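With the hints as extra help, turn the sequences into a complete structure.
All residue numbers for the sequence shown refer to the working numbering, where the first residue is 10 and numbers rise by one.
Since the hints were derived computationally from the structure, they do not count as laboratory data. Hints may be right or wrong, so weigh each one.
Label-pair distances were calculated between CB atoms; the ranges are [stated by the list, open to error]: (1) Arg99 - Glu57: 30 to 38 Å; (2) Ala79 - Gly134: 32 to 40 Å; (3) Trp42 - Leu115: 18 to 26 Å.
Keep in mind the model is a prediction, meaning the values are calculated, not measured. Even glycine gets a Cβ: it sits at the ideal position worked out from N, Cα and C.
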Amino acid sequence: MTRPAEAGGEDHIPVDDAQFAAREAAGGYALTWRAHGLAYGIPAAIAEDLALDRTVVINVSRAVLDDARARFGQVRVLVVTADPEILAQRLALRGRESAEDIAQRLARAAIPVAGEDVVEVRNDGARDEGVARFLAALRRRS
Numbered sequence: 010m011t012r013p014a015e016a017g018g019e020d021h022i023p024v025d026d027a028q029f030a031a032r033e034a035a036g037g038y039a040l041t042w043r044a045h046g047l048a049y050g051i052p053a054a055i056a057e058d059l060a061l062d063r064t065v066v067i068n069v070s071r072a073v074l075d076d077a078r079a080r081f082g083q084v085r086v087l088v089v090t091a092d093p094e095i096l097a098q099r100l101a102l103r104g105r106e107s108a109e110d111i112a113q114r115l116a117r118a119a120i121p122v123a124g125e126d127v128v129e130v131r132n133d134g135a136r137d138e139g140v141a142r143f144l145a146a147l148r149r150r151s
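As structure tokens, then:
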């Protein structure tokens, strides 16, 4: 991701725009997308884990779900949701986005994610409860 390491947030491998472009051109990413002024990529090395039938968990944009389905075949899409008021509060507390950016994210979050492979995970309560629900959904076999 082209977000600097010191910016906080998700665990990621920070790269600058030139490094990202070079890795992308060399096939270093299984999936890439751009959002919020940043470039995001999932390392191509996940193909090895998938070939060994390992579970791989990746956090991607809704915009690349169809690409992920086409590239990886069997996927389970865990859509983590929260009431709009809670989501707005959490986004504001992060301090990374403007009020306009938060409004746009809330609008996108209101659009349902379609597919037989989609599992909704509610995350309205305490962090531990959300983590437990996520892990339960991840462990559930289709």
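Tested hints:
1. Arg99 - Glu57: 30 to 38 Å: With a Cβ separation near 34 Å, Arg99 and Glu57 satisfy 30 to 38 Å, so the hint holds.
2. Ala79 - Gly134: 32 to 40 Å: 35 Å, holds
3. Trp42 - Leu115: 18 to 26 Å: Holds, at about 20 Å.
In this structure, every one of the numbered hints holds.
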